[in-house]
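Engineer: What follows is each chain in one-letter form.
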Amino acid sequence: MTRARAFLAMPALAVAALAAALLAAALLAAAPAEAAGSRDRVRLVGSSTAFPYSEAVAEHYVGLTHGRAPVVESTGTGGGLKIFCGGLGAGFPDITGASRAITASEYRDCVSDGVADVTEALIGHDGLSLTQSNEAPELALTRRQLFLALAAEVPVGGGIVANPYRRWREIDPALPDLPIEILGPPPTSGTRDALVTLVMLPGCATFPEIAALPPERRHIVCARTREDGAFIEAGENDNIIVQRLAADPAALGIFGFSFLHENGDTLRGVPIEGVRPNVETLRKGTYPLIRPLYLYIKNAHRAVIPGMEEVLREYLSEDAIGPDGYLTERGLMPLPAVERREVRRAVEDHVPIRRFD
Amino acid sequence: MNAPAPHRGGAAEARRRRRHRADRLLRLLGLGAISLALGLLGVLIATLVIGATPALTQTKLRVTFAISPELIDPADPGIGAYRLILRRGVAALLPEQPTTMAEWREIGGIVTGNTQFAIRDAVMADPSLIGRNLTLTVPVSDAYDQLGKGLTSRDTPPERRKLSDREIARFDALTARGAVSRPFNWELITRSNSRFPETAGLAGAIVGSFYMLLVCFVVSFPAGIAAAVWLEEFAPRNRLTDAVEVNINNLAAVPSIVFGLLGLSVLIGVFGLPRSTPLVGGLVLSLMTLPTIIIVTRAALRAVPRSIREAAHGVGASRHQVVLHHVLPLAMPGILTGTIIGLAHALGETAPLLLIGMNAFITDPPGGILEASTALPTQIFIWAGSAEHGFVSRTCAAILVLLGFLLAMNAVAIYLRQRLERKT
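Sequences listed follow chains A and B, in order.
Per our numbering: the first sequence = residues 1 to 357.
Per our numbering: the second sequence = residues 1 to 424.
Source of the hints: derived by calculation from the structure; they are not laboratory data.
Don't take every hint at face value.
[As the list claims (entries may be wrong)] Restraint ranges, calculated between C-beta atoms of paired labels, are given here:
id, chain 1, residue 1, chain 2, residue 2, range
1, B, VAL246, A, GLU135, 53 to 61 Å
2, B, ARG177, A, GLU135, 31 to 39 Å
3, A, THR286, B, THR53, 39 to 47 Å
4, B, LEU44, A, VAL338, 41 to 49 Å
5, B, PRO74, A, GLU309, 26 to 34 Å
6, A, ARG345, B, ASP76, 22 to 30 Å
7, B, TYR415, A, ASN237, 46 to 54 Å
[Said to hold, decoys possible] Covered, in the sense of this in silico footprint (three residues per stretch, anywhere, with C-beta under 8 Å from a C-beta of chain B), are these stretches of chain A:
id, stretch
8, 51-58
9, 237-248
Cβ atoms here follow ideal geometry from the backbone N, Cα and C, with glycine treated the same way.
Just need the whole structure built from these sequences, with the hints factored in.
Structural biologist: Set out below in structure tokens:
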């Protein structure tokens, strides 16, 4: 009697038992799919720049084939390559996106963990846009001017000194009298690498004073951004930069083209060397700030993971990366037709990376 | 002996006034603090509700598609020029027929990107549709949805709009024909994530969060109660149990991201559990909830009067009988309340889930605890970082849904506590 009442008074235990039963059922239901050491979904990781493109391909693939939805995760280029290269098997991703080419040391890590057979596929280019509020006085810049605004040290009167420029007019009297205030990516971001290689280094190369420096010193001068408050590291969430730009007409923001594309009502792209970033200039390739987007494909998984071949075919199809493809609508700059064919052939033939051998 | 009574006279009067003033001040401070808290909560909720309002409805277009037999492979209805069927269907509603390829593309872009698959799926499900008409009410794409809701002003100069004057004129023509409607957006909770805001929903995240909390509950509830019972009722008081106690209290204060790192390196790295799954998420969250449950359970056990234990011992009950039959049932309301509040806390936790990859993009809900999935807070995180305008209001709406679940869980906690307390 007491026992019975006591247990009746403990509905929570009954709930727990029920939950345990449910859990066991859920485990059993899923067990054949994943516990057997295989996976029925393709896994894509990698660059946050490639993330929206991979999302689009995943959704299109599901709509088209009704296959299992691929799992797309945004880990950043470096982080993606790290887990991609972690090993072979269901626990490791099949494809990683990168907004720069794999480095020799990353490739060596890959090989030492058994991921030797990797195909590299260039899917197109992505624009890096310098953006300002629509309310602000219009700026048009060159990379030389941007270098002078961004670098920690700049050449002045024959010497290399700490960046003295606080206003755009001081750099060039033709520019508006606005304070220099640039919101950009933190050092961990792939977009920061792109900022250095696409803006800082070309801008830097226009100064003979810097070219005369010894190589190590030259590299530091060219790649180091100023830390006196004019360049602000704004974190990884580009929507926050968008909001700050809308609130502060003097500020400039640096981020991927897709955010500018979606926020054309409040923001405008700053022309670089006379070319404004928009879908047309990206499609034609005249806009100078573009970076490559790569996929790295684990060939050993292709025979094992169901759907991987189909996802790859979809990713590289004319519908996706062609000039009228749905990725182009999202801001991807397509490759020339010949190169698209070459990439498809390379992926079909499992062509491995050979340049580090 | 002649000294005036301390509670009389001017000095005493002043003292009393001072004390009353202090009383009033304390009460005012308390009132001020609670008003500040309520005011801030009000601002938060109001901002969210205002922000989420556009996401409560979805602009849709009613289109009749002519399923022409010549556009479909007779052997396999899955293969056909469905994009053309789609574009022709929408164009038929318009006063002017498109002439260029670009215009055809614009017209196809009025409705959401997955519509061609919706038509194909309908035809595959019912091949008798071939040669007939199929009428569907489909969501319009985000730019038109923003326009229909008045969030994009027509006064903005054309170069700043996503839609050209021509495209806006087409949409106005469709509205004039009565083909455009704006029903309640049930898709927000019935559909899973999508790259298109107009078809993105929370179903996958809700199911993922449910599985995760299930794992969390099943692991942390029994373990937490067992640990608390042992510590409170059976454990000897010595250095070892003191150390355990200190550690449990410390564990409750560890930042949640640390548990995420632990999950990443131990659960995924060493034990090889699948990434992004509710199993791993639930285990990580149970590490976080466990100390809370232990602490709450111990407090509830301590609150059971000694007389109950003594009376039970007095009639000859053994120790396990005392605990299971008398102490635990009496402590259960407190334990349940603490558990539910702990679970509610776990439901809103984001940081550890980001580390174990539960912030992935997945277009269908998980079928079990071993399938990759997202959770409500991580879904909010993904949407907040998306570029499309439609995701702004959807992010607010998703936060409201999460708050709704938290409120419901806390309400259940209060209900259970009151009901069980009345019983015992």
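Engineer: Do three or more residues of the stretch 237-248 of chain A come closer than 8 Å to chain B, measuring C-beta to C-beta?
Structural biologist: Holds, because 3 residues of the stretch 237-248 of chain A bring their Cβ atoms closer than 8 Å to Cβ atoms of chain B.
Engineer: Given a hinted range of 53 to 61 Å, is it respected by the beta-carbon distance of VAL246(B) and GLU135(A)?
Structural biologist: The hinted range 53 to 61 Å holds for VAL246(B) and GLU135(A), with Cβ atoms some 57 Å apart.
Engineer: So does THR286(A) sit 39 to 47 Å from THR53(B), Cβ to Cβ?
Structural biologist: Since the Cβ atoms of THR286(A) and THR53(B) sit about 42 Å apart, the hinted range of 39 to 47 Å holds.
Engineer: Per the hint of 22 to 30 Å, is the separation of the Cβ atoms of ARG345(A) and ASP76(B) within bounds?
Structural biologist: 28 Å, holds
Engineer: Just to be sure I understand the hint, the distance between the Cβ atoms of ARG177(B) and GLU135(A) should be within 31 to 39 Å; is that true here?
Structural biologist: Holds, since ARG177(B) and GLU135(A) (Cβ atoms, about 37 Å apart) stay within the stated range.
Engineer: Looking only at beta-carbon atoms, does the pair TYR415(B), ASN237(A) fall within the given range of 46 to 54 Å?
Structural biologist: 39 Å, violated
Engineer: Quick check: do three or more residues in the stretch 51-58 of chain A have a beta carbon closer than 8 Å to a beta carbon of chain B?
Structural biologist: Coverage by chain B holds here, the residue count being 6 at a Cβ distance below 8 Å.
Engineer: Quick check on a hinted range of 41 to 49 Å for LEU44(B) and VAL338(A), using CB atoms only.
Structural biologist: Violated, at about 55 Å.
Engineer: Is the distance from the Cβ of PRO74(B) to the Cβ of GLU309(A) consistent with 26 to 34 Å?
Structural biologist: For GLU309(A) against PRO74(B), whose Cβ atoms are near 28 Å apart, the range 26 to 34 Å holds.
In this structure, the earlier hints numbered 4 and 7 are contradicted, and the remaining ones agree with it.
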